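**Q** Here are the chains, one letter per residue:
There are 4 protein chains.
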Amino acid sequence: MIIVMKRSASQEDIDTMIANVESLGLKANVIQGTERTVIAAVGEERVAGISSLESGPGVDEVLPILAPYKLASRELKPESSTVTAGSLSVGNGTIGVIAGPCSVETAEQILACAHAVKSAGATALRGGAFKPRTSPYSFQGLKEDGLKMLADARDETGLAIVTEVVSPDDVDLVSEYADVLQIGARNMQNYRLLEAVGKSPRAVLLKRGPSATIDEFLLAAEYILDGGNPNVMLCERGVRTFESHTRFTLPLATVPYVQQRTHLPIVVDPSHGTGHTSLVTAMAKASIAAGADGLIVEMHPNPDKAMSDGYQSLNFAQFEQMMSECRRIAEAVDRELGAMVPA
Amino acid sequence: MIIVMKRSASQEDIDTMIANVESLGLKANVIQGTERTVIAAVGEERVAGISSLESGPGVDEVLPILAPYKLASRELKPESSTVTAGSLSVGNGTIGVIAGPCSVETAEQILACAHAVKSAGATALRGGAFKPRTSPYSFQGLKEDGLKMLADARDETGLAIVTEVVSPDDVDLVSEYADVLQIGARNMQNYRLLEAVGKSPRAVLLKRGPSATIDEFLLAAEYILDGGNPNVMLCERGVRTFESHTRFTLPLATVPYVQQRTHLPIVVDPSHGTGHTSLVTAMAKASIAAGADGLIVEMHPNPDKAMSDGYQSLNFAQFEQMMSECRRIAEAVDRELGAMVPA
Amino acid sequence: MIIVMKRSASQEDIDTMIANVESLGLKANVIQGTERTVIAAVGEERVAGISSLESGPGVDEVLPILAPYKLASRELKPESSTVTAGSLSVGNGTIGVIAGPCSVETAEQILACAHAVKSAGATALRGGAFKPRTSPYSFQGLKEDGLKMLADARDETGLAIVTEVVSPDDVDLVSEYADVLQIGARNMQNYRLLEAVGKSPRAVLLKRGPSATIDEFLLAAEYILDGGNPNVMLCERGVRTFESHTRFTLPLATVPYVQQRTHLPIVVDPSHGTGHTSLVTAMAKASIAAGADGLIVEMHPNPDKAMSDGYQSLNFAQFEQMMSECRRIAEAVDRELGAMVPA
Amino acid sequence: MIIVMKRSASQEDIDTMIANVESLGLKANVIQGTERTVIAAVGEERVAGISSLESGPGVDEVLPILAPYKLASRELKPESSTVTAGSLSVGNGTIGVIAGPCSVETAEQILACAHAVKSAGATALRGGAFKPRTSPYSFQGLKEDGLKMLADARDETGLAIVTEVVSPDDVDLVSEYADVLQIGARNMQNYRLLEAVGKSPRAVLLKRGPSATIDEFLLAAEYILDGGNPNVMLCERGVRTFESHTRFTLPLATVPYVQQRTHLPIVVDPSHGTGHTSLVTAMAKASIAAGADGLIVEMHPNPDKAMSDGYQSLNFAQFEQMMSECRRIAEAVDRELGAMVPA
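Protein chains in written order, with the UniProt record's numbering: chain A, 1 to 343; chain B, 1 to 343; chain C, 1 to 343; chain D, 1 to 343.
Hints are computed from structural coordinates only; laboratory data are not their basis.
None of these values were measured; they are calculated from a predicted model.
Just so you know, not all the hints are guaranteed correct.
Restricting the straight-line Cα-Cα distance to at most 20 Å, the calculated cross-link-like pairs of lysine to aspartate or glutamate (EDC-like) are [to be verified]:
| no. | chain 1 | residue 1 | chain 2 | residue 2 |
| --- | --- | --- | --- | --- |
| 1 | D | Lys148 | D | Glu108 |
| 2 | D | Lys143 | A | Glu195 |
| 3 | D | Lys27 | D | Glu75 |
| 4 | A | Lys148 | A | Asp172 |
| 5 | B | Lys118 | B | Glu79 |
| 6 | D | Lys305 | D | Glu325 |
| 7 | C | Lys199 | C | Asp172 |
| 8 | C | Lys199 | B | Asp169 |
| 9 | C | Lys77 | C | Glu61 |
| 10 | C | Lys143 | C | Asp172 |
| 11 | A | Lys199 | A | Asp169 |
| 12 | D | Lys199 | A | Glu195 |
| 13 | B | Lys199 | C | Asp169 |
| 14 | B | Lys143 | C | Asp172 |
| 15 | C | Lys143 | B | Glu195 |
| 16 | C | Lys77 | C | Glu108 |
| 17 | D | Lys143 | D | Glu108 |
| 18 | C | Lys6 | C | Glu79 |
| 19 | B | Lys27 | B | Glu12 |
| 20 | D | Lys199 | D | Asp172 |
| 21 | A | Lys27 | A | Asp15 |
| 22 | A | Lys199 | D | Asp169 |
| 23 | A | Lys143 | D | Asp145 |
| 24 | B | Lys118 | B | Glu108 |
Using the sequences provided together with the hints, build the complete structure.
**A** As structure tokens, then:
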């Protein structure tokens, strides 16, 4: 539930209320607004004694949160959130573009990508070092060596690094090198991993599972928020349907629907969402027109020779063209493809 | 297969080739280009004697059509087709917008819609007179009375009329009043109906079935083309998936994918594709950014009182706002929301 | 709603009540039970004057039908229905087995199938004469010639004939030759066709559309019942999902679910439901274990040479083996694979 | 690839071949048959030097494994595998039945379940101690306390314990108490977890993800096998589709399809597969008729008061009835519902 404090509430009132909430076995999340403080009390519903909170010192009103997710809901926080991580800013009118190869393959490859990303005006570099692969016999990523190559690319270009983490045990290691921890679609309901990134100081990009409902998606985000990490970006990357001409079906209505229900920004991945290079740019543009707060796109110096996902990667020229077309759509919706955030 | 005639081929050469094709039990469809004539020979594959065609008088080359659909394929006709019907033009850079209520309810209602459609700058009026309804006990439409009201609205506004036909027996009647015959999603594989509209002089808007593959969709169009009617617009209106927060899942990647495979224009229906008024405008904009050749949108003077589909209909002010936002996206992709074609 | 008449109600009371129902603009369907008469009053809900029915002569009680389908619901008719058509009986503990080729190809082929069907102990012959085909260039069936071959096979073997009808205009013709009219999955919501078979004296086998919900399925049956034809068998033949190792996904939970909601019998089609010969027998057995009232199975003298659907057809030896395995399952659920109904 | 050794091959020949395989960077898995030894060489395909293996001492032939999964494939091991864990045996004609509550709630509850499971003739006890829950605010299980209650129930009844593990870090702990480690559907592609259970001495029950293809499912099993644990049972528990009258859609064709491709046994979960108590028994019977090697079923002393999944749990009387009906189906397919394996 949401406890809206009066404008006149003192810090002592707030501390008292936090103690009251915690004494009921609930967790208190304090959201400091410009004019008022709001306390979200979350936990098992139907706890005895809740009504007593209303009469606490400095309380204006107590409201239920109807959505199953609480910290993620717009009921709790009506203003949209902006997530910033290094050079990347996503939300509130700034469209962040994250681009790079599926896998980090060599220092040269990732550096070439980084320069192409920066030169086309995108704001963060992606690249997989820990790769969750369908087959145990496929390339599993360069692991820490890959992370180092990413960090070197950041040193040279200033681009924020977005990379996947696949196990709770790796969160600390990946957090050392990355600006944004990506949770892949297959791990959207790996709750231990969500709890672990909830304790990391890094921002998180949470991909929707291929058959997750929106409620399940936002409840997965809630695990991270509930763990103490408020910097969560959602990512729609396509759902699994009977359609076979695309790798997944990219349901862009997720964008406006999610924006009505949560304050968290939503990024779209048109690469996995289509699975074909020739469809990526059209869907990147459509995503921005639908109101997406960001894009994450696969590109590679030589897609035909990529170690993974080459068939859905743009080459550098295609990526630059995509950026230029997307910039026009962004203007037509009164937003801008974000410049890099100064260090 | 495609028989490409030489530039120097005479009409007699062409007639000879048509006769040769027909003597093999195939159907000859003649496509008159600006410089050359092309003959599509379609029918059962692996007919004996096909190789004899190559040596016919005036033949340049004979090429197979690899797609299962033939007349619909870009292999046969590389240039995009434009479909024009009364005030409506769709294709080749002109985005047609068809709008109106789900059902024609009264003369006043449909006339009010027509004026709102025209005033917002859209180019055709939709409205159902024959309604296929899930329950036999639901309102089934005003039938011929509804068609007359639509025709009256055209007389007053000049807008082309788009309305559904649900039975082969009604095709002649509906063709008397309408400019475009709509085939609903439930009838996409009602082959007798497709054959019947294939013989009508009216253009056809063919909606994709909610679980049809793209090949099935284009083969349904092929039935109409094969019947002799070249004026087919495809319409993506959403597919059925596990997602329940939208009525259907609207897969906009259909737009660029289909445009790679067929010369027929593709229209998107964001009303059925989302099922919620609050999502329609975002998806209309996304459709245009993805490259759609047209939109078909439900609107109503008073959505709360609509006899059907009110929850997904825009009111007049919302529709006008949608048009104005879509116009900006159209400009950003170097296309225009089409003006009415002069009578 | 359901008007339950008293045991003591006279024919005059019943006639009065029918007139009252009709005067409210509702349709009266009279169901003569062994002890009482029940009148189903169906039509637009919330008609004024309904409460007046309760006080009519001979009325015991008036109950609402909560399901959107009325005549199909178990609320209206708690006892399961049996559908009988020629040699075929389906329902109430008798499992009917319908088998035969996808398409009628020649008189010899269909006759050979009929003998194999009969000899294996199945009770009806299927075979398509009017074929709805995805491509206009595929074999469309032998039409009336095929119907005659089917009728000849019935004359020789006594087997009831089940064959598809694809257009309202063909219903009379097909009804002349067939015992059961099959409505294919693509036509499940071809309401004009449903209305037409609703007026035929023949029984109907209604296949579920590949993305139809159960409510949509039962409402399609309602169109037929509402047209006056009570002899409707439902048929589950698989739904379209992301799974690609089977042609469709066969959801056998449909069987017990539907049996809870409707009195109509339910038949399963394991041939289309799997799309692979090697999976048909296992799923036929599973269907019977789940409680299915019947099976419809594709078989062919020489599946490799079939004009359609050979990859999912059993040969005669496989069919005989399937029947013998299914007979054991039927016994284990205290039902029997039905013998032919004597002429 | 599969290296089939001659019957006359010596242990030295086998050791030489293993060394050769490993020198190519491949992993050698030795499968000791009754008559011959087979060595599976798995790893990155297209390794140079493979052809040299054919001429090794004692080699009969070298065959490719066409399936993407290797150790799981029937190509490698044509005979079906049996998995035995405590009182539970699954495969090769013995149908194992695992039953119990969704969550371990109290010592009394789990003990009552254990007695009911044993008395009805089932062979293992399930119960969740570590619960992956959609919402962070839902009951997350009793953790180690729950494991202890399960172990106590085993001590009292002799039933093998099946319980879920959700994190690599918990595998050792859960392995101390459980006979079978369950990998839930949400974790089917949690590869670190699969690797961890691949190193456990306990058998594994691997549930199919709700949108996993069969290849993805068997490749997930391959991770476990490749880790060194051969005791893997697959479990079909329903896939996510547009159907909403059941919680998931239970596609029983998985059973015969998977049995054609892998030697691993396959268990069905009709509780999650339907989501409704009233559908469980019919689908349990159908599973056995389709050839399933086992069942896993949710039951509870008082389903209405269960802390999770009560709506799909059987009470004790319903479970006993289910067992008795399933026993008859098992006999009709010449298999038996397995008795407990003696300690």
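**Q** Indicate, hint by hint, whether the structure satisfies it.
**A** Status of the hints after comparison with the structure:
no., hint, result
1, D:Lys148 x D:Glu108, "holds (13 Å)"
2, D:Lys143 x A:Glu195, "holds (16 Å)"
3, D:Lys27 x D:Glu75, "holds (17 Å)"
4, A:Lys148 x A:Asp172, "holds (14 Å)"
5, B:Lys118 x B:Glu79, "violated (30 Å)"
6, D:Lys305 x D:Glu325, "violated (26 Å)"
7, C:Lys199 x C:Asp172, "holds (10 Å)"
8, C:Lys199 x B:Asp169, "holds (17 Å)"
9, C:Lys77 x C:Glu61, "holds (15 Å)"
10, C:Lys143 x C:Asp172, "holds (13 Å)"
11, A:Lys199 x A:Asp169, "holds (12 Å)"
12, D:Lys199 x A:Glu195, "violated (24 Å)"
13, B:Lys199 x C:Asp169, "holds (17 Å)"
14, B:Lys143 x C:Asp172, "violated (25 Å)"
15, C:Lys143 x B:Glu195, "holds (16 Å)"
16, C:Lys77 x C:Glu108, "violated (44 Å)"
17, D:Lys143 x D:Glu108, "holds (16 Å)"
18, C:Lys6 x C:Glu79, "holds (19 Å)"
19, B:Lys27 x B:Glu12, "holds (18 Å)"
20, D:Lys199 x D:Asp172, "holds (10 Å)"
21, A:Lys27 x A:Asp15, "holds (13 Å)"
22, A:Lys199 x D:Asp169, "holds (17 Å)"
23, A:Lys143 x D:Asp145, "violated (36 Å)"
24, B:Lys118 x B:Glu108, "holds (15 Å)"
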